[in-house]
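There are 2 protein chains.
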Amino acid sequence: MTPPLTDFSRLCIHTITTRPWSLKECIDNYRDSEVPAITVWRQALEPQGAVESGRMLRESGLRVTSLCRGGFFPADTDAKRQAALDDNRRAIEEAVEIGAPLIVLVCGAEPSLSLSESRRQITEGIAAIADEAKTAGVRLGIEPLHPMYADTRSAVNTLGQANDIALELDHSHVGVTLDVYHLWWDPSLEAEIRRCGDAGKLFSFHVCDWRFPVRDILNDRGLMGDGCIDVRRLRGWAEDAGFRGDIEVEVFSTEYWGMDQQEWVERIKDAYLNHT
Amino acid sequence: MTPPLTDFSRLCIHTITTRPWSLKECIDNYRDSEVPAITVWRQALEPQGAVESGRMLRESGLRVTSLCRGGFFPADTDAKRQAALDDNRRAIEEAVEIGAPLIVLVCGAEPSLSLSESRRQITEGIAAIADEAKTAGVRLGIEPLHPMYADTRSAVNTLGQANDIALELDHSHVGVTLDVYHLWWDPSLEAEIRRCGDAGKLFSFHVCDWRFPVRDILNDRGLMGDGCIDVRRLRGWAEDAGFRGDIEVEVFSTEYWGMDQQEWVERIKDAYLNHT
Numbered sequence: 000m001t002p003p004l005t006d007f008s009r010l011c012i013h014t015i016t017t018r019p020w021s022l023k024e025c026i027d028n029y030r031d032s033e034v035p036a037i038t039v040w041r042q043a044l045e046p047q048g049a050v051e052s053g054r055m056l057r058e059s060g061l062r063v064t065s066l067c068r069g070g071f072f073p074a075d076t077d078a079k080r081q082a083a084l085d086d087n088r089r090a091i092e093e094a095v096e097i098g099a100p101l102i103v104l105v106c107g108a109e110p111s112l113s114l115s116e117s118r119r120q121i122t123e124g125i126a127a128i129a130d131e132a133k134t135a136g137v138r139l140g141i142e143p144l145h146p147m148y149a150d151t152r153s154a155v156n157t158l159g160q161a162n163d164i165a166l167e168l169d170h171s172h173v174g175v176t177l178d179v180y181h182l183w184w185d186p187s188l189e190a191e192i193r194r195c196g197d198a199g200k201l202f203s204f205h206v207c208d209w210r211f212p213v214r215d216i217l218n219d220r221g222l223m224g225d226g227c228i229d230v231r232r233l234r235g236w237a238e239d240a241g242f243r244g245d246i247e248v249e250v251f252s253t254e255y256w257g258m259d260q261q262e263w264v265e266r267i268k269d270a271y272l273n274h275t
Numbered sequence: 000m001t002p003p004l005t006d007f008s009r010l011c012i013h014t015i016t017t018r019p020w021s022l023k024e025c026i027d028n029y030r031d032s033e034v035p036a037i038t039v040w041r042q043a044l045e046p047q048g049a050v051e052s053g054r055m056l057r058e059s060g061l062r063v064t065s066l067c068r069g070g071f072f073p074a075d076t077d078a079k080r081q082a083a084l085d086d087n088r089r090a091i092e093e094a095v096e097i098g099a100p101l102i103v104l105v106c107g108a109e110p111s112l113s114l115s116e117s118r119r120q121i122t123e124g125i126a127a128i129a130d131e132a133k134t135a136g137v138r139l140g141i142e143p144l145h146p147m148y149a150d151t152r153s154a155v156n157t158l159g160q161a162n163d164i165a166l167e168l169d170h171s172h173v174g175v176t177l178d179v180y181h182l183w184w185d186p187s188l189e190a191e192i193r194r195c196g197d198a199g200k201l202f203s204f205h206v207c208d209w210r211f212p213v214r215d216i217l218n219d220r221g222l223m224g225d226g227c228i229d230v231r232r233l234r235g236w237a238e239d240a241g242f243r244g245d246i247e248v249e250v251f252s253t254e255y256w257g258m259d260q261q262e263w264v265e266r267i268k269d270a271y272l273n274h275t
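For the protein sequence lines, the chains are A and B, in the order given. Throughout the first sequence, residue numbering follows numbering that gives the first Met the number 0, covering 0 to 275 in sequence. Throughout the second sequence, residue numbering follows numbering that gives the first Met the number 0, covering 0 to 275 in sequence.
Derived from the structure by calculation, the hints contain no laboratory data. Ideal placement from N, C-alpha and C gives every residue a C-beta, glycine not left out. Certain hints may be false.
Derived list of chain B stretches under chain A, where covered just means 3 residues or more per stretch with a C-beta under 8 Å from a C-beta of chain A [stated by the list, open to error]:
no. : stretch
1   : 107-114
2   : 142-153
3   : 184-197
4   : 214-228
Okay, chain A solo, but in the shape it has when bound (with noise of 0.2 Å):
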């Protein structure tokens, strides 16, 4: 039995997750709470840009985990691919001005191409920009996806598949990113994270429910403890596996972007003390 956490030291929430916020909101408010990490969502950034937000995070005492995010590789033609990579090297840009270790890669699916084709050149894509992610000083986490989401979002779609591509690419800045909402129901998830942590691939972890039933295939998770997935399990599995890092809250949740925000912060904090 994995031990609960006892304190907040490696818990960080996602811009995303108070969706309502701004990024100053967002710093004030996890800054307040007592949070003592931040993961950027992109669009949080762009209304002050990516140097002033670093200006704000590096004055907030705030430790950034993550960017999210780059990926979208596969397109069916060579100019969308090429944009691809350009918008990935503005990540890598945006990554150094807040001072974010690593960028979460969702890698992308084209719908007209098969699967084995998109995955061939998210594979190509994340080869391009490697060296230039380790030059910025920035990881490169591929996330697994859900399979719900293989028609647009990630033709990579089990943790086996990211750490086949990590493993491949064998680049000191390339690993691999864990959320628990796209991965719980794989029966070679333990064996999996096991393979991806002896590799030394195992970047970061995020975390939050499936809950039941599903309401909306995009944004409707749940928080740790409002569904099936056994979150404590899987940190365990990832601990095991030599996982040390940021433990990271990653919520789309409709219903709760509709709460006070500084109360659903408060039931995250109790979340990830009592469930995670």
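Given the coordinates of chain A, assemble chain B onto it according to the supplied hints.
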């Protein structure tokens, strides 16, 4: 390249695909549209009972491909597990009454149990009824369901898992039902179809398409050609693995249920020739 289908000799429609119709309307309209085979959902039996349904089906000359559905084995009490076995025994009786040579098993999942415990109970449940199915001359097809249904509908979510269970039980009347909707995303699909076919376990084959964006997790399936599944390629894999049975059109769709159902059957026939 798999050649297109050129006639309707293997076309089967599930009664749920034309849900607004009663069993009698399904029978009359399928026959009038030269659809030779039918898979009967249990709710279509209810109004007139299995005996009368069987009489109607025999008179119609339609081929009964299968009865949908048994399963739902896992439960959190012995009493509920027993009730599930009893229900599967009733399904075997109904299959005999209507002349269905196969029952599709949607295996179930109990969210308060671990997935591995649900999976254990599924294997145990199938083992408990397999000899009775054999005595009745009815085969059981384990249908792996998409991972988005792992909360309550099925803890069997890949063809690999279904094959594992079928091979472990090693029973003449236990095999697998392959549905493209649930499995299209799986990088190991081609290999697992071959493994299933080589073992003589590929009992039945369901088609539809994955439309996107998904508007509803249950009732927004597409017709072949509507979405991103290369149905013909998957049919080719099944046939390369020896499958020669009916091709069963199973579409749950609020949109298509809202159409004139005779026009809908004609669209199904077009999609069968052009995209299957």
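Hints breached by this structure: The structure conflicts with no hint, since it agrees with every one listed earlier.
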